[in-house]
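Asks: Listed below, chain by chain, are the residues.
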Amino acid sequence: MAYTGVTPSARSRGMVREARHLLFTVAPGATWIVIFLVLPSAYLMAVAFMSNGPYGLPEMPLSLESFRRLAGFGFLGWSPGNLYTLLRSLWQTVVSTGLVVVIAYPIAYYISTCRARWRPIMLLLVVVPSWTNQVIRTFGWMNLLAPATPLSELAEALGLINANMGLYPSNFAVTLGLVYNFLPFMVLPLYAAFEKLDAAQVEAAQDLFASPVRAFRHAVFPQTLPGLLAGIVLVAIPAFGMYVIPELLGGGKGMMLGNLVANQFAGGANWPLGAAGAILMLIATFIGLFAMRRIGKRLGGGEEVVI
Amino acid sequence: MRKRTLKRSLAGFWWFTLAFLYLPLAVVVLFSFNASNSAATFTGISLRWYGRLMGNEEILSAFANSMILAITSSVIALGIGCLIGYGMYRHRHRKLGWLIVLIYLPIVLPDIVFGISEMAFFVQIHRLTGLLQPGLVTMIIAHVTFQIPFVALIVYSRFVGLDPTLFEAAKDLYASPVKRVVHFMLPTIKPALISAFFLSFTLSVDDFVISFFTAGPESATLPIYIWGAIKKGVSPEINAIATLMIGAVAIAAIISLVFSRRRQA
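Those protein sequence lines, which keep their order, are chains A and V. Residue 1 is where the first sequence starts when you use my numbering, and the numbers rise one by one after that. Residue 1 is where the second sequence starts when you use my numbering, and the numbers rise one by one after that.
A couple of the hints might just be wrong.
In silico lysine to any residue, SDA-like type, Cα no more than 25 Å apart, as pairs [as the list claims (entries may be wrong)]:
#1 A:LYS253 <-> A:TYR84
#2 V:LYS231 <-> V:MET67
#3 V:LYS179 <-> A:MET15
#4 V:LYS179 <-> A:GLU18
Residues on chain V that point at chain A, a partial pick, calculated with CB under 8 Å [unchecked claim]:
#5 PRO110
#6 ILE238
#7 ALA253
It should be emphasised that the hints constitute simulated quantities derived from the structure, not laboratory data. These figures come from a predicted structure and were not determined experimentally. We put the beta carbon where it would ideally sit given N, CA and C, even for glycine.
Same shape as in the complex, but just chain A (with noise of 0.2 Å):
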């Protein structure tokens, strides 16, 4: 007992001191994070459960009817056009995710086998081109994949376009795009688990005539696991509603749940129909974290994945 020999109204006059003190440095930012997001959020998804008004706006009474338009019910009956948005979305997510692991692997593990010296450079070159600004990357690629630019020349010539087309505005394009976007996020959880990787259990495997393959599956697919679950929370809830690079990179045909959102609040659309498709977006969110977080129990052992 650290308060012996304290008479018990100077221990209460303490913690109450220690009271004051954790409300004087937390109430502010609580306060600023509860009135600028956590009402702002509960109101949006109050949103989704009124009705349309003549401006786009929210009115009462509360109805689902904007969940029956984002599965797709209109004035005019049922149209798919919501539900390939959906699944575009999700389609995008799980491709793109999946080839950002697989760049992310080898070039993870090829710096963590450098001198130390340059590991810090090689980790920085490859975040140096997150730090400009998204909409100047994905314009890079807008340049770079625009009709008669060689590489949709190259593609033109291979039979992969037809002639003139160009490489944007495509899935393809947006795929690419959020490639690009996010693979320095799945290289830096990567390389860290990499750097901590018990070489000896990797020697033991191939001591052991173990083939590459297996050698990969045994000894550094667990150990990197922690970084890769990391990596792919960190690739895939943003790509899942990523506005940007679908907006300019994908045209009509390429957009994903963050655009039919965006476009519900822009120029008086429907505010309630964005509010659900929002909701959406988040129980996705919320599923994906859960899940990973539920994977990496199962998968890591005892070991605790940081998320």
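Starting from the structure of chain A, add chain V where the hints point.
Replies: Using the frame of chain A, we list chain V on its own:
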């Protein structure tokens, strides 16, 4: 033997990936010096697009807005985040789960949900009270909201890394809490404060989506201006302004490299 080929193909893959990462930026830089206004063919070197920038009032005001937004929001977030970071450290033995959830919320919320929530909220507040008209003020509020968690976490981890007995020593040395803050706490966490400020600044300059949805008609930042220019039809001026921004990032990268070198030495 097999090991050598593996290492060599990995090195090849590394250079290929680097080319992939820098190609789009290189194209922007290259075409900013293009003599013609074609986005596909390079016809010769010229500085005319940079010349046009200088006379463009919109770009200059967008640049000023970007700077005002980044600096103001970073300063506010530094103050508030620093307090939370210290509170989290001092009271780390209490159950502060709700606070952790609150602090991680701005980080895990998808940008687009963050942006439209704020926008919808500000629009309704403005309709009801006339306050918070969309503009620089609403943008600053939104930016501070996503910067606070990063500042708090950086400051918190700096405190955790300190020897706890230092706090006892400071208590013995300085009677007044104010003196303790000025002479002990602030100097000790100075590195954390500096890196928190620069991270906040970078996050603010890097952000597009949240700014886009909370901006008013007069408060366009550089990324919002560029977005508008792209949407209107690609103009070669965008390459020039984008190149200047890439140049700023390159300088920042070199500075951070020099600093990390010096810390190692």
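Asks: Each hint should be assessed against the structure and marked as holding or not.
Replies: Verification of the supplied hints:
Taking the CA atoms of LYS253 of chain A and TYR84 of chain A, the gap is near 10 Å; set against the 25 Å cutoff, the hint holds. Restraint check for LYS231 of chain V and MET67 of chain V: satisfied, since their Cα atoms lie roughly 23 Å apart, inside the 25 Å limit. About 23 Å separates the Cα atoms of LYS179 of chain V and MET15 of chain A, which keeps this hinted pair within 25 Å; it holds. Taken as a hint, the LYS179 of chain V and GLU18 of chain A pair is honoured in the structure, with Cα atoms around 19 Å apart against an allowance of 25 Å.
Residue-level restraint check for PRO110 of chain V holds (minimum Cβ-Cβ distance to chain A is 3 Å; threshold 8 Å). The closest approach between the C-beta of ILE238 of chain V and any C-beta of chain A is roughly 6 Å, which is under the 8 Å cut-off, so the hint is satisfied. The criterion of a C-beta within 8 Å of any C-beta in chain A is met by ALA253 of chain V, whose closest approach is roughly 5 Å, and the hint holds.
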